[in-house]
Structures are given as structure tokens and as C-alpha cells.
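Asks: Counting in my numbering, the sequence shown runs from 1 upward without gaps.
Hints were generated in silico from the structure; no laboratory data involved. Note that the structure is a prediction, hence the values are computed from the model and not measured. You may find that some hints are simply not true.
Subject to a maximum C-alpha distance of 30 Å in a straight line, what follows is the list of computed DSS-like cross-link-like pairs (lysine-lysine) [to be verified]: (1) Lys57 with Lys126; (2) Lys5 with Lys126; (3) Lys57 with Lys5.
Derived Cβ-Cβ restraints for the label pairs, each shown as a range [claimed, not checked]: (4) Gln60 with Phe90: 36 to 42 Å; (5) Ser95 with Asn49: 33 to 39 Å; (6) Leu87 with Gln60: 41 to 47 Å.
Note that CB positions come from ideal geometry on N, CA and C, so glycine has one too.
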Amino acid sequence: MISQKATVIAIETDRIWVEAERQSTCGGCQIRQGCGTGLLAKHVGKRFNRIAVPNNKTVQIGQQVTVTIPEDALLQGAFMMYLVPLLAMFTGASSARWINWPEPLQIMAGLAALLGGFMWVASRIKQKNSVIPTQIIEETT
Numbered sequence: 001m002i003s004q005k006a007t008v009i010a011i012e013t014d015r016i017w018v019e020a021e022r023q024s025t026c027g028g029c030q031i032r033q034g035c036g037t038g039l040l041a042k043h044v045g046k047r048f049n050r051i052a053v054p055n056n057k058t059v060q061i062g063q064q065v066t067v068t069i070p071e072d073a074l075l076q077g078a079f080m081m082y083l084v085p086l087l088a089m090f091t092g093a094s095s096a097r098w099i100n101w102p103e104p105l106q107i108m109a110g111l112a113a114l115l116g117g118f119m120w121v122a123s124r125i126k127q128k129n130s131v132i133p134t135q136i137i138e139e140t141t
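Model the full assembly from the supplied sequences, consistent with the hints where possible.
Replies: Put into C-alpha cells, the structure is as follows:
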């Protein structure tokens, strides 16, 4: 389980909206002063993610909670977001090449399949209402 501290920002009948600060690996690095990623993170400032969690706990707006995400669900979500569109692109371009289409049409077929892959992932996310199941495991004040 991956856990993250978050703040409750809204409560609905079926879900709780929490806001968690994005964390990078720069916090524990010894050379963050000379690293481009560390300097960029310092200048961009803090960034937050909003996450919908099933409403199965009694919480109040502004309360600090710990939110967990199962590793396997995170890997499935990453597979859907990254690999499915890329596999669709390679399949579209390969199919166009197998049919002996000219190279510009092969490129267009690959790009169209990539866009189709992104659209399919977006529709699946809307159908499931959430790709990654999360839950609140600990309530703190």
C-alpha cells in the first residue's frame, strides 16, 4: 500500500474529495542544490492533486487524513494511461504498413490509433468513475 497525507476539501454523499501535495524524490536527495529537477521543483512551488475517495469514514472539511492506494491498482492505472495508447499507435502503424499504405498514411494511422487509445482510456476512466481505488485509513486532526 502506498500512503499519502491529505486534507479533506469537500464531502459529498458518495465520495470525499481530498487534496494531497505532490511529492518528488528530491526531498531525500543529497545533491538537490545542484540538480535541475530539484531547482525546478523549488521554483515551481508546491503542487496539489485532488483525489476522490469513497465516503466510508466520518470526516470534516479541513481534517488531515492518510489516503492509501494499492500498488497493483497503481500499476494497472499506469498501464492504462501509458502503454495502451502506445500499443494502439504501434498496432495502427503496423497494420497500415502490412496493408502497404504509403508512409504518410502509415504515420497518420499510427497517430489516429494513438488518439483513439487516449480516447478509449478516457472513456474507461469515466465509466469506472476512478481508475485507482483509494481509501482513508487514518484520521488525524
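Asks: Run every hint past the structure and note whether it holds.
Replies: Verification of the supplied hints:
1. Taking the CA atoms of Lys57 and Lys126, the gap is near 24 Å; set against the 30 Å cutoff, the hint holds.
2. Between the alpha carbons of Lys5 and Lys126 the distance comes to roughly 26 Å, so the proposed pair stays at or under 30 Å and holds.
3. Restraint check: the Cα-Cα separation between Lys57 and Lys5 comes to about 16 Å, which is no more than 30 Å; the hinted pair holds.
4. For Gln60 and Phe90, the Cβ-Cβ distance of about 49 Å falls outside the hinted range of 36 to 42 Å, so the restraint is violated.
5. The hinted window of 33 to 39 Å between Ser95 and Asn49 holds, with their beta carbons roughly 37 Å apart.
6. Between Leu87 and Gln60, the C-beta spacing of about 44 Å keeps the proposed range 41 to 47 Å intact.
Of the numbered hints listed earlier, the single one contradicted by the structure is hint 4.
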